[in-house]
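Q: Chains A and B supply the protein sequences, listed in that same order.
For the first sequence, position 252 matches number 252 in our numbering, and the numbering has no gaps at all.
For the second sequence, position 169 matches number 1169 in our numbering, and the numbering has no gaps at all.
It should be emphasised that the hints constitute simulated quantities derived from the structure, not laboratory data.
Just so you know, even glycine gets a beta-carbon here, dropped at the ideal spot from N, CA and C.
Here are the simulated distance ranges between beta carbons:
1. Leu1257(B) <-> Arg46(A): 42 to 48 Å
2. Thr171(A) <-> His1211(B): 36 to 42 Å
3. Gly1075(B) <-> Leu147(A): 32 to 38 Å
4. Phe160(A) <-> Leu1257(B): 26 to 32 Å
Take a look, some chain A residues computed to stay more than 10 Å from chain B by CB distance:
5. Tyr47
6. Leu54
7. Ser166
8. Trp189
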Amino acid sequence: MDGNPSSASEGAVLVPARTRGRPWGYAAAAASGFLLLTVPVWLPDRYVLSTFVLAHLYAAMAAGWDVLSGFTGRENFGYALFVGTGAYAAALLSTRLQFPLWCTILAGPVVAAGLALLVGGPALRLRGPYFALASLAAAGVLERMTLLLWPITGGEEGVFGVPPLSLSAATTYYVTLAFAAAAVGGLWWATRGTWGLVLRAIRANEAACEACGVHTFPHKMGALLLSATTGGLAGSLYAHVQEHVGPSVYSAALSVTVIIMSVVGGVGTVYGAAAGGYLLTLLSESLRRFGEYRLLVFALALLPVVLYMPRGVLPHLLGHLRRRER
Amino acid sequence: MADVLVLGAMQSAVYALLALGFTLIFGVGRVVNLAHGAFYALGAYAAYTLVVVWKFPLLPGALVAVLFTALVGIGVDRVLVRPVRRSITAVLILTLVFALLTEQVLYAVYGYTSRNIPAFTTATWNLFGVQVPGQRVVTFGVAAALVGILWALVYHTRTGATLLAVAQDREAALYMGIDVDRVTSLTMAASAALAGAAGVLTAPLLVVSPHMWLLPLVKSFAIVILGGLGSIPGSLLASLVVGYAETTVSYFVASALADLIPLLLILAMLLLRPTGLLGRHVEV
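With the rest of the complex left out, here is chain A (with noise of 0.2 Å):
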């Protein structure tokens, strides 16, 4: 991929046209930081630092389907499958082999990563619905194993003190913040520029790609790697924050409200999807009286977004904002 990757023929098609919004996105991005780095100093409550230790982890998870999902149109209906794998690698390890915190977090991400290895290969050669069923059924694969494995998962019990993140609540929530800002920067900063476009031409139309001399194989397993590194970091984390991990880890309820976060909040530009995750993390938690209906909730802020802004609502109020500048 050579040449001039912000031509505008090529731009106008496969960018959304966000170079001229940067300015915008810029110091939505520094007020947003600033917010997020604030918020254990007026709002110090145990339960609220809780809500948004949540928030950063799903920001993170909504990040990294995108930069498969969004990016290549592989969408992915079993992240669950990298999360589970690096909340159960996690917990594992501390409970049955005593490794130490920072040894267990490191091993989500490396195990997930592995497994993307292993299943990338022919996954990747799929799209459209056949990839969606195939990455459902691979999650749901590993739930039943868990079931199935119990002496050494604890089947529907799950494995019960994982030991905390930290006692400390701040220092759970900067930890946590520090990934999604780390998880959602990288994302975004490795897919702003030539690679990014490449991984839209891929869902664009592949075997153009291939004519055009770009091997889309690396790139695809790439993203798949960065999107299950990302995973199974959040799982790891996870697991360590909620001091438990049960099946609900692989579930298709984890897998489902990831992709709504992340196509609510606008497919394919990373912090888009982020501020996905944040948004009904804290929009689930406001509404926490309708407690199991959190679901319905998620769905009827999906409707209209599919309906009246197809690319999210973030790239919608940017694009705005962009229109109102001229």
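Assemble chain B onto chain A, guided by the hints.
A: Showing chain B alone in chain A's frame:
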């Protein structure tokens, strides 16, 4: 050996019922309907409510339950699927959300305890030297009859012809004056009714519980993927394969492993031959 042959046939008939609906709505509407298992659960719960709670006689209760699922199918098609039909992701998400919501509503209404429906008949039959409970025979007979009726409807009636036309080329069908949206809704209704019938027929054999949607959905997938997405003969063939494979494994090895077969089958099939045994490649 005769055990496996007889029980496998019965298992396969139920699977065929489930898988046909799933493949039908994909073929006609290009809809991968993750709510298919929810229709199955709704059928079973409707039958439970009508027959056990409201004391309906068995046959009308079962028929009303199937009709109810068909109506729910039409509702799902109109409200959730039709507005976003062009986006396969949105369809997958919304139908999956519908399934998860159905589960939550069933938990809220019926609680966590599983329910039972009395068997349609308590007689025991002797088939080829195998003692078979009458309920299984009824399930098999009705399922096989429904599959036969569906086959006749699709391949030998005018409505069936419009359905096949829409499946073949949606736009061309539209140009020929076929009300494409109506045909899709009708297919969804038939598909939901078949799933609901499967729910009603198997409810007396298994227990009725809110999370009963997932396994049938996964099995429908496995069968449809094996036979080829959208192919009716392929699905029938694959129902036999999966039905007998599961029966064999649970008979000779362990029944806990039987549930893993469809999942592994999906993975293997998708990775080796995504178009299935009898399917052809479809652009979606």
